[in-house]
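Engineer: Chain residues, written in single-letter form:
Protein chains: 2
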Amino acid sequence: MAKHIQSLERAAAMLRLLAGGERRLGLSDIASSLGLAKATAHGILRTLQHEGFVEQDPGSGRYQLGAELLRLGTTYLDVHELRARALVWTDDLARSSGEAVYLGVLHQHGVLIVHHVFRPDDSRQVLEVGAMQPLHSTALGKVLAATDPVAHAELVDAKREPFTARTVTELDEIERALDLTRAQGYATDNEETFEGVAAVAAPIYDRRRLAVGSVGITGAVERVCRDGELRPELVAAVRDTARSVSRDLGAKPF
Amino acid sequence: MAKHIQSLERAAAMLRLLAGGERRLGLSDIASSLGLAKATAHGILRTLQHEGFVEQDPGSGRYQLGAELLRLGTTYLDVHELRARALVWTDDLARSSGEAVYLGVLHQHGVLIVHHVFRPDDSRQVLEVGAMQPLHSTALGKVLAATDPVAHAELVDAKREPFTARTVTELDEIERALDLTRAQGYATDNEETFEGVAAVAAPIYDRRRLAVGSVGITGAVERVCRDGELRPELVAAVRDTARSVSRDLGAKPF
DNA sequence: CGATAGCGTTTAGCATTGTCGAACGCGGCA
DNA sequence: TGCCGCGTTCGACAATGCTAAACGCTATCG
Numbered sequence: 001m002a003k004h005i006q007s008l009e010r011a012a013a014m015l016r017l018l019a020g021g022e023r024r025l026g027l028s029d030i031a032s033s034l035g036l037a038k039a040t041a042h043g044i045l046r047t048l049q050h051e052g053f054v055e056q057d058p059g060s061g062r063y064q065l066g067a068e069l070l071r072l073g074t075t076y077l078d079v080h081e082l083r084a085r086a087l088v089w090t091d092d093l094a095r096s097s098g099e100a101v102y103l104g105v106l107h108q109h110g111v112l113i114v115h116h117v118f119r120p121d122d123s124r125q126v127l128e129v130g131a132m133q134p135l136h137s138t139a140l141g142k143v144l145a146a147t148d149p150v151a152h153a154e155l156v157d158a159k160r161e162p163f164t165a166r167t168v169t170e171l172d173e174i175e176r177a178l179d180l181t182r183a184q185g186y187a188t189d190n191e192e193t194f195e196g197v198a199a200v201a202a203p204i205y206d207r208r209r210l211a212v213g214s215v216g217i218t219g220a221v222e223r224v225c226r227d228g229e230l231r232p233e234l235v236a237a238v239r240d241t242a243r244s245v246s247r248d249l250g251a252k253p254f
Numbered sequence: 001m002a003k004h005i006q007s008l009e010r011a012a013a014m015l016r017l018l019a020g021g022e023r024r025l026g027l028s029d030i031a032s033s034l035g036l037a038k039a040t041a042h043g044i045l046r047t048l049q050h051e052g053f054v055e056q057d058p059g060s061g062r063y064q065l066g067a068e069l070l071r072l073g074t075t076y077l078d079v080h081e082l083r084a085r086a087l088v089w090t091d092d093l094a095r096s097s098g099e100a101v102y103l104g105v106l107h108q109h110g111v112l113i114v115h116h117v118f119r120p121d122d123s124r125q126v127l128e129v130g131a132m133q134p135l136h137s138t139a140l141g142k143v144l145a146a147t148d149p150v151a152h153a154e155l156v157d158a159k160r161e162p163f164t165a166r167t168v169t170e171l172d173e174i175e176r177a178l179d180l181t182r183a184q185g186y187a188t189d190n191e192e193t194f195e196g197v198a199a200v201a202a203p204i205y206d207r208r209r210l211a212v213g214s215v216g217i218t219g220a221v222e223r224v225c226r227d228g229e230l231r232p233e234l235v236a237a238v239r240d241t242a243r244s245v246s247r248d249l250g251a252k253p254f
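Sequence lines, in order, name chains B and G. Quick note: the first sequence uses UniProt numbering, first residue 1, plus one each step. Quick note: the second sequence uses UniProt numbering, first residue 1, plus one each step.
Be careful, since some hints might not be right.
Estimated spans, in silico, between C-beta atoms of each pair [said to hold, decoys possible]:
| no. | chain 1 | residue 1 | chain 2 | residue 2 | range |
| --- | --- | --- | --- | --- | --- |
| 1 | B | Gly61 | G | Leu127 | 29 to 35 angstroms |
| 2 | G | Gly26 | B | Thr169 | 40 to 46 angstroms |
| 3 | G | Gln184 | B | Arg226 | 58 to 64 angstroms |
| 4 | B | Gln125 | G | Gly26 | 36 to 42 angstroms |
| 5 | B | Gly196 | G | Leu34 | 49 to 55 angstroms |
| 6 | B | Asp121 | G | Asp172 | 49 to 55 angstroms |
| 7 | G | Leu180 | B | Ala220 | 48 to 54 angstroms |
| 8 | G | Arg231 | B | Glu233 | 45 to 51 angstroms |
| 9 | B | Val150 | G | Gln184 | 54 to 60 angstroms |
| 10 | G | Gly26 | B | Arg176 | 43 to 49 angstroms |
| 11 | B | Asp121 | G | Glu9 | 46 to 52 angstroms |
Keep in mind that the hints were calculated from the coordinates and are not lab data. It should be emphasised that the depicted structure is a prediction, and the values quoted were computed from it without experimental measurement. The beta carbon of each residue, even a glycine, is placed where N, CA and C say it ideally should be.
All chains, full assembly: derive it from the sequences and hints.
Structural biologist: Here it is, written out as structure tokens:
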């Protein structure tokens with residue numbers, strides 16, 4: 001007997017397919033991509049459309065994601081306890097560090113950004129809440145992989161794409177970096193994800209001492225590094241913020 | 001024969017229930033709220049959890065919305081053509097008007113905010129993308145109700161809640177306001193939604209001359225009004241922006 | 001300009017599939 | 001320690017959603 005409801009799994013696969021294929025997709029594309037009869041795909045899409053999860057372009061008949069997903073996704077942020085507790089502290093971190101602050105949680109094979117404070121200057125920046133980052137090359141991801149066994153397993157299974165010349169993709173080399181992360185209590189990303197961009201992140205724990213997320217700052221390597229290493233005062237600020245949020249979540253500091 | 005897939009409708013109802021009930025809900029609450037057997041609700045929730053649409057608190061066993069909704073909701077914004085076209089113009093409007101800019105589309109019984117540019121000062125503001133606003137009291141909503149027949153029908157059906165002493169709830173009085181909106185090409189909200197807050201909005205049309213959204217500014221009544229009326233230069237700026245976006249979408253300007 | 005190929009949609013019948021009621025194991029509470 | 005409530009599992013039935021084939025439509029091309 002199947003352990004999961006078939007039509008729901010198929011509907012979820014459709015939503016993910018529509019999310020991946022940067023543009024609108026036709027019914028036939030969807031049906032063949034998932035190996036379904038056109039009528040089956042149509043029935044699911046009709047229901048999803050009625051519920052607001054997908055929309056159909058009246059002209060071309062093609063399908064795309066629907067507005068209800070945005071509404072529910074925003075509601076997820078409102079309910080998220082970690083995010084609510086972190087809101088108070090991340091603004092201060094952005095101000096004191098002068099850099100952009102990110103808050104991430106494990107989701108599937110990567111880090112989902114649930115909060116993002118802009119770097120406090122007047123430059124134009126785009127909000128990255130809802131975006132995904134890889135586990136193996138980012139500071140947020142390495143912290144999660146070092147402290148959350150589930151995240152670690154995801155990192156081992158995932159294919160580790162090289163983004164720059166400095167990206168570490170060999171598993172044993174990554175393990176050493178994770179050991180270092182566990183030993184010193186924070187992780188760095190020294191141009192391993194984007195050229196010229198470095199980051200620091202530290203883990204956030206809940207009342208059961210389990211890692212539930214990570215918080216960190218990201219910025220141009222010229223500003224956040226000195227002599228090829230992250231500036232110690234920035235590392236300290238990030239770790240302080242992570243500890244403050246953990247304390248708010250009920251983690252005992254011993 | 002049923003026109004829609006039962007399990008999908010039930011799953012969608014669960015997600016909406018979880019989105020509404022500000023906190024985590026237990027299985028029994030969900031099952032009884034929807035009139036389902038506990039085992040049925042459990043099967044659906046288990047699948048939704050496996051797909052990332054709901055999460056379960058390990059301690060209490062209660063359910064809440066899942067992270068996948070945030071990821072998909074953000075993707076919806078990326079695909080949204082109206083939003084992409086408007087991005088270029090809304091920044092300019094915020095700068096020239098000095099006020100916060102909102103972009104909304106009709107969704108269910110209200111206006112869904114799909115873009116929000118902060119007022120260009122250094123005050124702390126919260127992003128309202130993904131939030132819903134009522135049709136009957138807001139400038140964005142009245143524009144949609146005046147130009148989109150579907151939105152108008154939703155406004156008529158919805159229960160029109162009074163938010164301030166100035167909120168108009170009588171249907172014939174609203175109809176006169178909508179007639180005025182159609183005649184002058186924009187709508188206002190003069191402390192009808194929040195005390196001390198006023199707004200202007202104008203419609204955005206696509207290449208088939210159908211209203212697909214509305215754009216407007218919102219701010220303290222002392223700044224955006226003079227002699228109890230919206231300042232004409234702000235009205236002109238909003239209407240210019242709406243026309244620019246409409247032109248980008250392919251609407252012919254005759 | 002008519003034939004064609006592809007699209008999204010609808011239809012009918014079958015068997016797979018999701019649903020239900022009842023029982024289970026496990027906590028907190030008195 | 002007994003109880004009540006929770007989330008979860010089990011097994012059988014029939015309602016449910018799936019499949020395959022045919023439909024109307026638009027756009028394309030010989």
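Engineer: Hint by hint, note whether the structure agrees.
Structural biologist: Verification of the supplied hints:
no. : hint                                       : verdict
1   : B:Gly61 with G:Leu127: 29 to 35 angstroms  : holds, 34 angstroms
2   : G:Gly26 with B:Thr169: 40 to 46 angstroms  : holds, 44 angstroms
3   : G:Gln184 with B:Arg226: 58 to 64 angstroms : holds, 60 angstroms
4   : B:Gln125 with G:Gly26: 36 to 42 angstroms  : holds, 40 angstroms
5   : B:Gly196 with G:Leu34: 49 to 55 angstroms  : holds, 52 angstroms
6   : B:Asp121 with G:Asp172: 49 to 55 angstroms : holds, 52 angstroms
7   : G:Leu180 with B:Ala220: 48 to 54 angstroms : holds, 52 angstroms
8   : G:Arg231 with B:Glu233: 45 to 51 angstroms : holds, 47 angstroms
9   : B:Val150 with G:Gln184: 54 to 60 angstroms : holds, 58 angstroms
10  : G:Gly26 with B:Arg176: 43 to 49 angstroms  : holds, 44 angstroms
11  : B:Asp121 with G:Glu9: 46 to 52 angstroms   : holds, 48 angstroms
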